[in-house]
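Knowing the structure of chain R, use the given hints to seat chain W on it.
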Amino acid sequence: MHATGLRLGPPLIAFAPADAARSAPLLSPINRRRLKVFQGNRRGVWSLWVFLILLAVTLCSELVANDRPLMASYKGELLFPALIEYPETKFGGFFAVTNYRDPFIADEINANGWMLWPPIRFSYSTVDDALSVPVPSAPSWLQSVEVRCQLLPQGVDDPNCSLGNFHWLGTDDQGRDVLARLLYGFRISVMFGLILSFFSSIIGITVGAIQGFFGGWVDLTGQRFLEIYGAIPSLYLLLIISSVLTPSFWVLLGILLLFSWTSLVGIVRAEFLRARNLEYVAAARALGVSNIALMTRHLLPNATVATLTFAPFIVAGSVTTLTALDFIGFGLPSGSPSLGELLSQGKEYLFAPWLAITSFVVIAAILILLVFIGEAVRDAFDPRKTFAVRL
Amino acid sequence: MTEPLLSVDNLQIDFQTDDRIVHAVRGVSFDIMPGQTVALVGESGSGKSVTALSVLKLLPHPAATYPGGRILFKGTDLLGADEAGIRAVRGNAISMIFQEPMSSLNPLHTVARQVSEALVIHRGMNRAAARVRTIELLDEVGIPDPASRLDDFPHQLSGGQRQRVMIAMALANEPELLIADEPTTAIDVTVQAQILELLLSLQKKRGMAILFITHDLGIVRKMAPVTHVMTEGRIVEQGPTEAIFANPQHPYTRKLLAAEPKGEPPTTDLAAETIVSAEKLRVWFPIRRGLLRRTVGHIKAVDDIDITIRRGETLGVVGESGSGKTTLGRALLRLVSSEGRIVYIGRPIDKLSWAGMRPLRQDLQIVFQDPFGSLSPRMSITEIIAEGLGVHHRELSAADRDARVVRALTEVGLDPADRHRYPHEFSGGQRQRVAIARAMVLEPKFVVLDEPTSALDVSVQAQVVDLLRDLQRRHGLTYLFISHDLRVVRALANQLMVMRNGKVVEHGPAAEIFAAPQSDYTRALMAAAFAVEAVPSAEVAQ
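Going line by line, the protein sequences match chains R and W. The first sequence maps to residues 8 to 398 in our numbering. The second sequence maps to residues 360 to 901 in our numbering.
Looking at chain R on its own, in the form it has when it is part of the complex:
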């Protein structure tokens, strides 16, 4: 056939040792072509950008939604309360932790300087005690100014009757701002998903690589073990373990890791089984290259493609698992900003649709973005697609 590249070979990823990087191009030609295909998928590129921006914003949640000012000037001293803890005694109070929303402290600071607040003046755990309606309360823009500010000392004219104290998406059943909880919840869910996928991949790739590379009895034993292990009803076991151990971010991560690492073993094993018979691997063997070098230099890049292709879907799966556990109350410790918990509140308070709708929209958005990115990555690594897509 004349069409170039029909002989592309297996999909692979660049491996560039440092000493060759000098005069070799940064990306191997295959990767440049993949990048091009990825960029050709507009939906995937848009999803990636939206996701990255959301991630960047939520990573700085402390600067976006916080119950402490970003900056303050007090008696000529420049303070950064959002980043540094100052005891209340500094401002003439008694407690070890300063509540900047307390009218007493706020007046004291404003009298001796100024405060610069973030756009949302609530953190995920801040309870708004100036709420004039029963919780969960509706978004502030559904209420008139009079109702909204009636509990403030000066009513409508109070300086705190401002957009900064708006509950854009209402509050939950404890008077905490939903938008602030969403920001922190998005961050914790996505970070959880990413970290879980990272560790699952490391374990899964290692196990799959060993099985696929050595084959024979190692592979056979591993496969049977995985089959039995995979037959364990993991959800119930998760429930039991998480009711015994005190759940925290890392404990939960460890528990979920017990079951999620198996997802990659199969593909990596298959890639290794296939690739260890490739002629260039045989050639490297004949050169006397060691097993470790064979696995990392020649075989792992093959498996990397399969892994990368699956990665967004694994992240999405991890997010879903965490949300599900939170939803039934076995997830993150209570008080943590969690999308699952918000969702279960939405189920509880059907008369407060802002809870259910917002949590649903955010969870759906995360999953949709990840799946779109995953699709684009998958297409970019598909050797047949590479030539079919017209750019």
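Rather than coming from a laboratory, the hints here were simulated on the basis of the structure. Mixed in with the good hints, there may be bad ones.
[Said to hold, decoys possible] Think about it this way: if two alpha-carbon atoms lie no more than 20 Å apart in a straight line, the pair counts; the simulated SDA-like pairs of lysine to any residue are:
no., chain 1, residue 1, chain 2, residue 2
1, W, Lys804, R, Arg292
2, R, Lys43, W, Glu784
3, W, Lys639, W, Asn860
4, R, Lys43, W, Ala422
5, W, Lys581, W, Gln395
6, R, Lys97, R, Phe111
7, W, Lys804, W, Ile708
8, R, Lys43, W, Arg379
9, R, Lys43, W, Lys804
10, W, Lys862, W, Thr600
11, W, Lys710, R, Pro166
Keep in mind the model is a prediction, meaning the values are calculated, not measured.
Chain W alone, transformed into the frame defined by chain R:
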């Protein structure tokens, strides 16, 4: 003058890749008369297969486009025909046989079902009638006892039988034109000769026309009275085959005809020291059955073979696929486990562990058949060649290593300036040179060459053969040259070993065996290879 059956008129085919347009065929015209055999000859990338595939519009759309030209079959333009129109022609008036008999049959359907499919679709036959006709067809293509093979699956047939079934499928509707796209490239020479005989006799009997696509000039001479030589998407020479062979006009045709591997193998020096020897070398693969995976028998890939190779010699190992010649080469390098004594310059190596073998690996190298598969697509040429240096010469600085890579590339006739490029930017012949450089950079003493020329075009084959001989002379190398191609072996090997089913059929000085083969099998092999003749002998597989 009769009307031509098929008339290809100024055909042009473009392929759209993501950043450019490849002009695969640039204005090809030829006619095929009813009952005539026409050959399209060319090397890979010449556009011959693409031309043949477009007759039935089998090219992928929209990647392939036709900027111009017509393909007239009995006066109707096939290029302009719609999907329904072309389907009525496919497998009916025009049918096709493909190169790869392993993959062109559906492994999940029986022979009967695949052959009768065309009968049911185009003839509207019922199952029973189609079955009867299928038996006739299988008989016609020379499958013994066809009725008993009807319910066999493709994996139960040999390569030659599968190709016969393919031909039966193609003949089912008595086509007026048969397109044969390299029908014998993937099968052994002795079987190839039988298949060609079959095609010739069928053509004579049925009076159908054949468009024969091949790269093998020997086959053209046997099969087709009219030949078109293609290169780079154009027909550069056409005419009666005998005239072209006797008096080629175009430089490309001359080059193609002159591309036979030539030259003298090294001389035999009985006093030279023995580099590699093996006694009773045996590689048996166990056949395991049942729940407990009991060993019920063995596949004897290499069965008690004695071998001695002296310094500076080339031992040619020939045999058809499955004869165990590749396994023999790998067993000598301890790449597959084996039984029996292997000695490398006085030192037994058959008991060494994998780690114990490692220091010896730089002396014992191998070059593989497929230059596309044997180079990692994600490593640059430098990285590929320097990989062995990283194992055996860790002490080398980056600059020294680079210098050795440059020297190795120069030695195999490649431009060292290209060393940071990736394998896919090189042609098949260049890649094979890279694979040779990878072995040579370690300055080995003994090199196993496992069909290093089989995947290459004929003109490139000759160059690689010259290169190998040149390297051998310069460095006093010892070769084990594995091939099924007797012409290449004749140009390289001074000792010859003919293998079949893991056993040695004949062994001795190459010149003597070529001049006077002792065994029937060797004689059949040579007749098939040099004269493309089938030998009616029980010695040859079906």
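Each hint tested on the structure:
{"no.": "1", "hint": "W:Lys804 with R:Arg292", "result": "holds, 18 Å"}
{"no.": "2", "hint": "R:Lys43 with W:Glu784", "result": "holds, 18 Å"}
{"no.": "3", "hint": "W:Lys639 with W:Asn860", "result": "holds, 15 Å"}
{"no.": "4", "hint": "R:Lys43 with W:Ala422", "result": "holds, 18 Å"}
{"no.": "5", "hint": "W:Lys581 with W:Gln395", "result": "holds, 14 Å"}
{"no.": "6", "hint": "R:Lys97 with R:Phe111", "result": "holds, 13 Å"}
{"no.": "7", "hint": "W:Lys804 with W:Ile708", "result": "holds, 15 Å"}
{"no.": "8", "hint": "R:Lys43 with W:Arg379", "result": "holds, 14 Å"}
{"no.": "9", "hint": "R:Lys43 with W:Lys804", "result": "violated, 46 Å"}
{"no.": "10", "hint": "W:Lys862 with W:Thr600", "result": "violated, 40 Å"}
{"no.": "11", "hint": "W:Lys710 with R:Pro166", "result": "violated, 89 Å"}
Checked against the numbered hints given earlier, this structure breaks hints 9, 10 and 11; the rest are met.
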